[in-house]
Amino acid sequence: MTRQRIFMVFLLLWMPGLAGADEVFPQPPELQSDVDFWVSIFSQYSTDEGVLHDSRNLAVVYARLDVPSDLSRRERNRRIDARRKEIRAVLRSLASGKRENLSAEEQRVLALWSPGVSNETLTAAAGRIRFQQGLRDRFRRGLERAGRWRDYVHAQLTAEGVPIELAALPHVESSYNPDARSHVGASGIWQFTRSTGRRFMQVDHVVDERNDPFAATRGAAKLLAYNYSITGNWPMAITAYNHGLSSVRRAMRRFGDDALVDILRNYDGRTFGFASRNFYVAFLAAMKIDQSPEDYFPGVVPEAATDYARVVLPAYVPVDELSEALGVTRASLAKHNPGLQATIWEGSKHLPRGYELRVPTAATEAPLASLVAALPDEVLFDEQLPDLFHTVARGDTLSEIAQAYDTRVSTLVALNQLGSSHRIRAGQRLRLPAAGPAPVAVAAAPAVPAVEPESVVPVAAEPEVPGGLAGSILGTIQTALLSDPSDYTVADDNTIEVQSLETLGHFGDWLEIKTQRLRDLNGLAFRTPVEVGQRIRLDLSKVDAAAFEERRVTWHRAQQDSFFRQHVIKDRIEHTIRPGESIWIVALRKYEVPLWLFRQYNPELDLHSVKPGTRVQIPILVDAAETG
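Going by this note's numbering, the letters in the sequence shown line up with residues 32 to 659, in that order.
Hints are supplied without guarantee of correctness; some may be wrong.
Said to hold, decoys possible - As a list, the in silico DSS-like pairs of lysine-lysine whose alpha-carbon atoms are at most 30 Å apart:
1) K621 <-> K642
2) K573 <-> K545
3) K253 <-> K601
4) K642 <-> K601
5) K642 <-> K253
Everything labelled a hint here was simulated from the structure, so no lab data went into it. All figures in this text were calculated on a predicted structure; none of them were measured in a lab.
Can you make the complete structure from the sequences, with help from the hints?
As structure tokens, then:
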């Protein structure tokens, strides 16, 4: 579906008297209790409290719990687990068939279920007791913050031909907090992962536009429009925003394009967990509150939008020189240009040429453009400051490396996209935030694993809430490769589909078995390579399917992150397949685009049966050094 067609659909849907939000964003009666649940979480319970509930039947709320913010994580979990065990014991007692001489607690729990509830249902419910933290204070703060960007968000959504009601999504994702970060690496008010963000904006160690509400909004509008063009309806397009388009398409092929309730209730995809299952209903709840905020938060006042002056930088400029010339503090520049990374503000990189700088109009006396034009030639550079690297020696720790280069562990972690364990290995090249002569190398310590628990910076615990607010909506494996249509799951028959870059050696490593075992299991001769799209049977005797999938996705995510440290997507073009051309010839040879990235732009294409005349989308790549 073209953008023009999408826009026409939007106009038809939103002409007065033709359709309303309930038709564009349907809410079947079966989902009413789910929406009501999230409305209560967003508007009735604060972050100092929460509820224990059935994870499948959200109408069943067993208990409210106090979890004050000053509690340690250990005490918080102890309190939740203790109450969960009490409720589980009651459910198991009822599941044994007990219906007489019930205690007051047993009567209360039984009354939460419909009359005649079966023992089997109660048995299953005993294993589905979930805690959900309240979000009332965060949602109210999000309503206040949203005022800064509401007009811009609405304008960008309209420009892409999508409903402005989608402006409620950042409430679910981040509470409109531009500093929001999830434990899977999603960032900004729209909670883009790195791999997805790079499809629509610049994401590297100098500029990360995911953190810029303006740039991220443009990207989100494009992604949502694209999802709708593939799915044909907004419930699935919104679910795909969280769960991934390819996975949602698999669910639609199984249940039907419009089988919303069946998909949310019955789809059993391995990564389609609580977060993905509830993303659309959480959006409906957020939209309901967003449209009538006074009904839920009396007296809430949206913040005013900042009036900005904008200028495109003509060269690479040191931040101190620019700050002085504009008469604006470095802190103010950082606040209003959140897409610029710490490397800028720490002075290891110049502000990049071509970057559109924003400064509040009230912050400068003279026009911004004239101030930038008056910058002396000696502070304007044709090239960016070069990157510096440290090669990890055996025994190095992050804390020692950070100290040697006068930086912080957290900075090294961010620059190098290190995982939550902050693990480093001998021979690894770490990007440094400092420019200039390298200091004396870190002295080698006695031979020990290159991991330093003492230098690990604790990651703030994230409660179980939807979206980027706390990572439960974005906390699935699949989210790490949100836009990747490749199937990384293990089928019920213990087979997988070989994806780009994979070998039998990889599978053996992830399964902790010898490669020959896989050859024997699949009847493959020695040195016979596997091909993309080929199905391979696995031996899951040492590693279960979930662990294999996690290792597989983690590896692919690392490959993709590594690729985008060297390349930036600047544009995309359409290519028509000619006689004699294959996808491998077009993608790998002609345009030098890896297959995994090509598939992101062509998720519905069968790589093995492409006919002449087929039109494909090609991302145009440039060296990251040219844009930095």
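Here is what the structure says about each hint:
1. For the suggested pair K621 and K642, the alpha carbons sit about 17 Å apart, so the restraint of at most 30 Å is met.
2. Between the alpha carbons of K573 and K545 the distance comes to roughly 11 Å, so the proposed pair stays at or under 30 Å and holds.
3. For the suggested pair K253 and K601, the alpha carbons sit about 15 Å apart, so the restraint of at most 30 Å is met.
4. In summary, the hint linking K642 to K601 is supported, as the alpha carbons are separated by about 28 Å, within the 30 Å threshold.
5. The hinted pair formed by K642 and K253 meets the criterion: a straight-line CA distance of about 28 Å does not exceed 30 Å.
Of the numbered hints stated above, none is contradicted by the structure.
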